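There are 2 protein chains.
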Amino acid sequence: MKASRCILLFALCAISVPFSQADEGMWLFNHPPSQILLDRYHFQASPAWLEHLQKSSVRFNNGGSGSFVSPDGLVMTNHHVGADCLQKISTKEKDYVAGGFAAAGNAQELKCVDLELNVLMSMEDVTARVLSAVKPGMDAAATETAHRAAINDIEKESADKTGLRSDVVTLYNGGQYHLYRYKRYTDVRLVFAPQKAIAFFGGDPDNFEYPRYDLDICFFRVYEKDQPAHVDHYLKWSEAGATEGDLVFVSGHPGRTERLDTVAHLEYQRDLVMPGTLNLLRRREILLQNYSSRSLENQRRAERELFGVQNSRKAYLGMLAGLQDPAIMEKKGASEKALREAVDKDPTLEKAYGDAWNQVAASLKKLIQIRDEYNLIGIGPSKRAQAFSSDLFDVAITLVRLTEESSKPNAERLGEFSDAGLPSLKLHLFSEAPIFDDLETAKLTDSLGLLMETLGAENDLVKTVLAGKSPRERAAELIHRSKLKDVAYRKQLAEGGVQAIDASDDPMIQLARRIDPASRRIRQQFEQQVDGPLRAAYGKIANARFAVYGSAMYPDATFTLRLAFGQVKGYQQETRSIPWDTNLGDSYQHAADHGNQAPFELPAVWRERQGRINPSTPFNFVSTADIIGGNSGSPVVNRQGELVGIIFDGNIDSLVAAYIYPDQNARAVAVHSAGILEALRKIYSADRLVSELTGKN
Amino acid sequence: MKASRCILLFALCAISVPFSQADEGMWLFNHPPSQILLDRYHFQASPAWLEHLQKSSVRFNNGGSGSFVSPDGLVMTNHHVGADCLQKISTKEKDYVAGGFAAAGNAQELKCVDLELNVLMSMEDVTARVLSAVKPGMDAAATETAHRAAINDIEKESADKTGLRSDVVTLYNGGQYHLYRYKRYTDVRLVFAPQKAIAFFGGDPDNFEYPRYDLDICFFRVYEKDQPAHVDHYLKWSEAGATEGDLVFVSGHPGRTERLDTVAHLEYQRDLVMPGTLNLLRRREILLQNYSSRSLENQRRAERELFGVQNSRKAYLGMLAGLQDPAIMEKKGASEKALREAVDKDPTLEKAYGDAWNQVAASLKKLIQIRDEYNLIGIGPSKRAQAFSSDLFDVAITLVRLTEESSKPNAERLGEFSDAGLPSLKLHLFSEAPIFDDLETAKLTDSLGLLMETLGAENDLVKTVLAGKSPRERAAELIHRSKLKDVAYRKQLAEGGVQAIDASDDPMIQLARRIDPASRRIRQQFEQQVDGPLRAAYGKIANARFAVYGSAMYPDATFTLRLAFGQVKGYQQETRSIPWDTNLGDSYQHAADHGNQAPFELPAVWRERQGRINPSTPFNFVSTADIIGGNSGSPVVNRQGELVGIIFDGNIDSLVAAYIYPDQNARAVAVHSAGILEALRKIYSADRLVSELTGKN
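For the record, the sequence lines run as chains E and F. The first sequence begins at 0 in numbering that gives the first Met the number 0 and counts up by one. The second sequence begins at 0 in numbering that gives the first Met the number 0 and counts up by one.
Chain E with its partners taken away, still in its complex shape (with noise of 0.2 Å):
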């Protein structure tokens, strides 16, 4: 029906279905773009080639993609995606985020504190399953409960079954649920990574700007029982790279996009979420520049979360520039109106969806009354709460809620307590990360004050948090009489349950245990009143979309694995021709154009080798893929499948994809194939690295 749907309609397809033209999409690996790629690069994505590159990609579960590039488990990604487990192993005397690192050979490789790798392994569509647990005449609560328990039991049996990580996926905000299960490593060690000098190279002024001259990587190994890990599939390293003009495809894991929100939720984006969110980028930012600039060790100590805060902030930035554009709103105004009209027009249609777009508007309007408490108090998988801001609070809250779901049978457990999903979530618990005090009290103390000047300085729960005193006072009495920097304190707890949670004298459980019935009433209320009818209504939206343009479509980012594919290719800003590469001398000419001062100083040993490598070499490159954050690292390859780029970033004219495919001026940036190898041979002398990489001793 959906077919014929669309043949009937044909006209309007024609017109409306977006990517006609563009090299649109970040598309499913078991949903693939078979029949654009045919027609417009008469290329035959075949399901070989599909699998393969599937199983050589790597998600990073701190937020970014990679691949493997040797059969025994070597991995790349971005240095800024890298850097956490760089940061995390680092010392005030010993610092790889600046110095870098070099492993002589797998015994000198060190081992990160709480990184979890996942290679997806197969995908299964469990919409019916899902769906069909939600009976008619459910109330709101009967409805999550119900859902909530069909995701739990599903994971658990294929946990069970397959000893996979086993996540369910919700695809077009709500039209579909993949069951996605991933061959997860945890034992991932540090092979290589270059100073943060050259890996981020222009800094924030550069960031998300093109021409760049980044050597945006690093390199990790996986291991099994204490082995480097075999792997089957793994991207063969192409040394010439990319050039003009190629075909090329980015398979990695694109973190969120909202294309398909409707008006009214994209009005809702511009009016209330970007400009709070970038109120407390800057907010934060603020607080860790301040913090940093008292000492070099203070610097170390912040820059990974400033960087994160900088990235967010001007991508954000771009976001929300790209709503304010009245061209851009209308663009998105005119494709809901012919999708509605088409859904008006037929009767079927308009039983079934028609009331789709009123009901997103109903539940974002519940969601406005909230979103204040639920931002601040609000605790879930992904959501932390703007009022605690602190990794000790984090630890606190988390063992409260363990031990009490713990103690509850799997299907009714909070989905991140769920028994597929407490590796992962125990990792990141009992991670020996470290925690500084002085950072953990300036952070704790802001998001305190930000907690008053939200609800009042007379608001109960603002008066139980604070005890009586003010938020700097409360905040360094909370971080240092607490002792859950103690990972042994944590387990201890952890292992104690319930009891010995009530029985325990840190404050910080203690403020954790008297906020977690708050914090779970109003996370009950954003699930219940505002994230299921919106994933309801949403799934109407889609089935409203496969029946009007049929089923070539591809859901919004969700940090899922997906294919994009586009061209090399420079483009024209304004009266300047932006070339599609930059080579490795270049570098220098930037540098110097910069005065030679951070974030514009290369590092001394390029400097000294300067002479040593060829400058004509590509160092970074642009393509016409689709792409956001969370791609970062993702490997580029060519028809062959050959690795010819990492991807680690999109230019300014890029950001506005999160909410719709960018203007032709949009791409793409890569580190280029040919400009690692180059820089590993000459500059670092990484002999291991390089034969491993190219197969050649």
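The set of hints was computed from the structure by calculation and includes no laboratory data. Watch out, some of these pointers could steer you wrong.
Heads up, the list lumps identical chains together, so a pair's fine if it works in one copy or across two of them.
With a straight-line cut-off of 25 Å between C-alpha atoms, the simulated DMTMM-like cross-links for lysine to aspartate or glutamate are [what the hints assert, rightly or not]:
(1) Lys-382 / Asp-371
(2) Lys-313 / Asp-445
(3) Lys-91 / Glu-600
(4) Lys-224 / Glu-340
(5) Lys-91 / Asp-203
(6) Lys-313 / Asp-203
(7) Lys-425 / Asp-231
(8) Lys-313 / Glu-302
(9) Lys-313 / Asp-436
(10) Lys-330 / Glu-476
(11) Lys-681 / Glu-691
(12) Lys-330 / Asp-686
(13) Lys-462 / Glu-335
(14) Lys-425 / Asp-371
(15) Lys-87 / Asp-371
(16) Lys-91 / Asp-270
(17) Lys-462 / Glu-108
(18) Lys-468 / Glu-335
(19) Lys-313 / Asp-515
(20) Lys-695 / Glu-457
(21) Lys-468 / Asp-652
Source: prediction; values computed, not measured.
Go by the hints and put chain F onto chain E.
Showing chain F alone in chain E's frame:
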């Protein structure tokens, strides 16, 4: 009657007069704390001593203080006050902020662009005349009109009669009105400035901290008829300077305090004003940082504004922390309760003043309703429109209003366009200070975005302003197409009057014209419904205070001349003893402690000439004098009225001073007169300047 009432309420007076022990107060020169000085320090402030200090004190109209330090019109202030002029006369090729400046002779002194200095010549109480203009039964509009007419008339009469700048100053938040007459200097020339690296050594991290090591000084000379002005009053330089335990005085222009605010008003500050202001400051700080990071020239262009924003951000954070401290709010509550109980006990007082606190609360309620719009588009003598952050827009709206207001009788004009105010207004309107297109565009883009975020994309005003474009496009078009950078064009429009404005096709003029009616409307609403009623209510509260506690009370700061006093004294910070002074040698250690990296890098000349100086010479020192922003550059004098230092900062504990006289750790931070001389002699070989300061050849 007031005196007798205080005797009646003696017990209460003794308990509640807040400055019974501490060195509190920013006192009026015509109402000095004579008795306190006599009782506590056995010091007699004679009329001649006071007049000499008053007339030696100088106000920098860009927001700072200073003093005459030679009979030939030599003025000393802070580098961070003088930096406004330094930046305006600098270019990409010649950066006086970073590089410093020393004039070889008078002929080499560099003329500032739009700097106005004021010296207070006389004060006159005009309360009765101002208050009598408002007749019983007048409505809010008539009240404001009559009030404004009275002030415009008084100022004009005085200016016409004396030729002096004449300002009616509102004191005690509306309790009194004094007419201040100033000698006005507008030919101000740069004599000497050190490098910013030592003037602001330690940068933002050290700002509002102590111990400090900053040579935050700058010398100017005022000219009349192209000759150095001879001044009768100037401060004699004390070569020995201050020492521990000394009684010292600070004569300067504290900008703004709100110590007389009601608790409701403080809560409004805490819950709305401070968080909102901080969000905007952080937003601007990030914007300026991003702009600055692109090139060294950008950094130079934005440096002055960025400093101002960072300085405010740090100050406001301290103020908010104070308001969020329950101990401080309890103190405020107790003091308000005591005053209200005293008023309520006395039927006459109750009848006259009893409703004032509720009137304040009601005015604030009104303010909350209109504050978004008022903040965004309200424009007044010291208020810019947040929605149009652009120097060119300021020029445009000033021209639009100037031409319109000039056609009205003086008494009916907006205050800043009254005849008495026009010379200062035109100095700025026709300033040749550089305006940078790219910085203007960045700021205007952001502020148009703020307008859209705050009022919503569908708001009529927003639509009018943006004209169907995105904030970025609209800002670029307004800045690049405007001709207002050309001062001759500004003068042409000013002379052409309303007709010329109406005929102008300048897009910024057209925008200002379109905005003006709404902007005037919201200002009028604010003046009639908030500011006027607040002034009336606070007038009552001030009179209630006089009645209950007697008249030994200083008004809140208003950027007019005040006298503070205190002792040179170190303090205890937790377990650490902070000594009263630092010395020149310490600065080298402080640089080394921070890896000699900016902002902790001493200028080359300081490093090269380290051997020449006596390292034990006092450099910076602290005293208990009661100061706040605006006091920057204030002379610190001893009992003999000799200059022993120059204020440049307060420590972190002093930041709550806006709301309450701070605790015993609060200190005013100054550069020591001996350290200044030593640096001028040994580091800078500034013999001409040293001779003039010491009167020795």
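Practice task
Any hints from earlier that this structure breaks? Give me their numbers in increasing order, please.
Solution key: 4, 7, 12, 14, 15, 16, 17, 19, 20
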